[in-house]
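Those sequence lines, one after another, are chains A and B. Numbering-wise, the first sequence is residues 1 to 317 according to UniProt numbering. Numbering-wise, the second sequence is residues 1 to 317 according to UniProt numbering.
For the record, the hints were derived by calculation from the structure and aren't laboratory data. Be aware that a few hints might be false.
Just so you know, same-sequence chains aren't split out, so a pair can sit in one copy or run between any two.
Below 27 Å or equal to it, Euclidean Cα-Cα: the simulated BS3-like pairs (lysine-lysine) are [what the hints assert, rightly or not]:
1) LYS307 <-> LYS245
2) LYS245 <-> LYS209
3) LYS91 <-> LYS108
4) LYS108 <-> LYS307
5) LYS217 <-> LYS91
6) LYS307 <-> LYS217
7) LYS217 <-> LYS245
8) LYS307 <-> LYS209
9) LYS173 <-> LYS217
10) LYS108 <-> LYS209
11) LYS245 <-> LYS108
12) LYS173 <-> LYS108
13) LYS209 <-> LYS91
14) LYS91 <-> LYS307
15) LYS173 <-> LYS209
2 protein chains.
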Amino acid sequence: MTEPVFGKLALIGIGLIGSSIARAARAYGLVGEIAISTRRPETLARARELGLGDLYSADPAEAVRGADCVIVSVPVGASGAVAEAIAPALKPGAIVSDVGSVKGDVVKQMAPFIPEGVHFVPAHPVAGTEHSGPDAGFAELFRGRWCILTPVPGTEEAATERLARFWAAMGSKVETMTPEHHDMVLAITSHIPHLIAYNIVGTAADLEKVTESEVIKFSAGGFRDFTRIAASDPTMWRDVFLHNKDAVLEMLGRFIEDLFVLQRAIRYADGDALYDLFARTRAIRRSIIDVGQDTAAPDFGRQVVEKVTAEADAAAP
Amino acid sequence: MTEPVFGKLALIGIGLIGSSIARAARAYGLVGEIAISTRRPETLARARELGLGDLYSADPAEAVRGADCVIVSVPVGASGAVAEAIAPALKPGAIVSDVGSVKGDVVKQMAPFIPEGVHFVPAHPVAGTEHSGPDAGFAELFRGRWCILTPVPGTEEAATERLARFWAAMGSKVETMTPEHHDMVLAITSHIPHLIAYNIVGTAADLEKVTESEVIKFSAGGFRDFTRIAASDPTMWRDVFLHNKDAVLEMLGRFIEDLFVLQRAIRYADGDALYDLFARTRAIRRSIIDVGQDTAAPDFGRQVVEKVTAEADAAAP
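Can you build the whole structure from these sequences, using the hints too?
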């Protein structure tokens, strides 16, 4: 148990990320009480059933009243509307943050509504799974993962540090950068990977000569890896692409340019060009494993998971 | 233990796939003896150290002498040369097969050298990991994975059935199709996924505004999934693209076309087009899990792997 960082925490939105924060904050004793608000009544009811908070309200303004920290976890396109709704109820000295995968546009949407005397510290935990909704969250989601804070000019350093302490206590490593740089980094490490995963799954589904059932049956050759991230929440990802347009188009342009070079190498049988690229990319995988951002187990350890699951099934009464 | 399917099995090439066949054939009692030949002396020495076979030879012709089944597991570009080298030593009635990820071109390379009275049954186990070499193999690699046989006109059915029995005994599900159809199916389920994974890792490595260490640190946002398959054996994959050129270029053309449609949707903020695609692709993931071709555990079960590893470390003396 750590010293509580906040008396009252308000969570607006209680999907994969919001519910993981609720679970982690509770599990590690980081807050006094948790108020939860979310737009859809059935999601709020589910959060209550799961016992994720202490107070539940359909009205985000009611949830944030008296809160020391407010974390908005909604699709980024809804950030501005939420900020507008909660603004009048915010306590002076409170910290308002978010978890959006886009930062520049979220700052543009939310900052104008943040009242004088309230600290706005945008954040992005680089963590998640392909599952969504309040049932998908778990307290360990942020452990060993980075949380990027993008304080805006004028943000008090003490507020940034307090929020950093909260994320660190949930197991995150914390880094600070500008919203613009964040959006460029995430465009290549997250947004473009999702876009091309969605794209290839779509291409495969549209083929006439190869049936969808063949695509599914023989997916272990590589395709199945892409379907995992192409199963991520569609609303969240639509908003990411709409709200990080410039950085995504910039990185996508480079990706396509490079792909044309490869296409040409295949067409003209330039084996050396192919080999050089394929040999070079191995080193990056090694570095990712070395810094603890992925498992070294072959196939992400799927074999281990299958074994553990089979043993658990066998041991069940 | 099953009835042995072959008296003597010869394996030409002893990397991830060859060594997994050796281990599985031994573990399940499917062969009387195993002869191993491979080009590089240090790999042959390593196979001997690992005890993968009963006989070891630098000369593939010597290894195949008297073998009832020969399985060639080399980069597909080397298939023709291996077929030429072993042809004079093949026993009448023997089965010659391979494990190449490309079938049309391999048939073209190997078939002319297969003597009258020897059965040529090309095969492709759709299984693998990002690791390579004789140490990377394991007996369970083929379990639950498909093995595609592409017998050529004139192949005796009894030979195809015998090889199918061998693969089934190693845990594979077996399917038969033409080499041409195989190459089309695998282009989309395996070759294009690898190509775009290699490509995005290359694009990321070349950026000026985002450092390589940032790409590595924040890779959990999606990028790390791609680095796994981009860590696959470069020689093997160079040969796949050179020898399945037509199908790869055809599928790559479609992928790029679809990507331009997405690029345009982002540029013109067409949220509905993005949402429609992103919602559609979820169903394919579900089907892949339903048919047992991937784990349902979030993030491929990486959390489970980390937990099991941590527990094992804690339990170690």
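Hint-by-hint comparison with the structure:
1. LYS307 <-> LYS245: For LYS307 and LYS245, neither the intra-copy (42 Å) nor the inter-copy (38 Å) Cα distance is at most 27 Å.
2. LYS245 <-> LYS209: between (34 Å within a copy, 17 Å between copies)
3. LYS91 <-> LYS108: within (22 Å within a copy, 75 Å between copies)
4. LYS108 <-> LYS307: neither (48 Å within a copy, 40 Å between copies)
5. LYS217 <-> LYS91: Answer is neither: 55 Å inside a copy and 35 Å across each miss the 27 Å cutoff.
6. LYS307 <-> LYS217: Within one copy only: 21 Å inside, 30 Å across.
7. LYS217 <-> LYS245: between (35 Å within a copy, 23 Å between copies)
8. LYS307 <-> LYS209: neither (36 Å within a copy, 43 Å between copies)
9. LYS173 <-> LYS217: between (39 Å within a copy, 10 Å between copies)
10. LYS108 <-> LYS209: between (47 Å within a copy, 22 Å between copies)
11. LYS245 <-> LYS108: within (14 Å within a copy, 47 Å between copies)
12. LYS173 <-> LYS108: within (26 Å within a copy, 54 Å between copies)
13. LYS209 <-> LYS91: Classified as neither; 61 Å inside a copy, 39 Å across copies.
14. LYS91 <-> LYS307: neither (51 Å within a copy, 40 Å between copies)
15. LYS173 <-> LYS209: For LYS173 and LYS209, the Cα distance is within 27 Å only across copies (22 Å; inside one copy 47 Å).
Violated hints, listed in ascending order, are 1, 4, 5, 8, 13, 14; each of the other numbered hints is respected by the structure.
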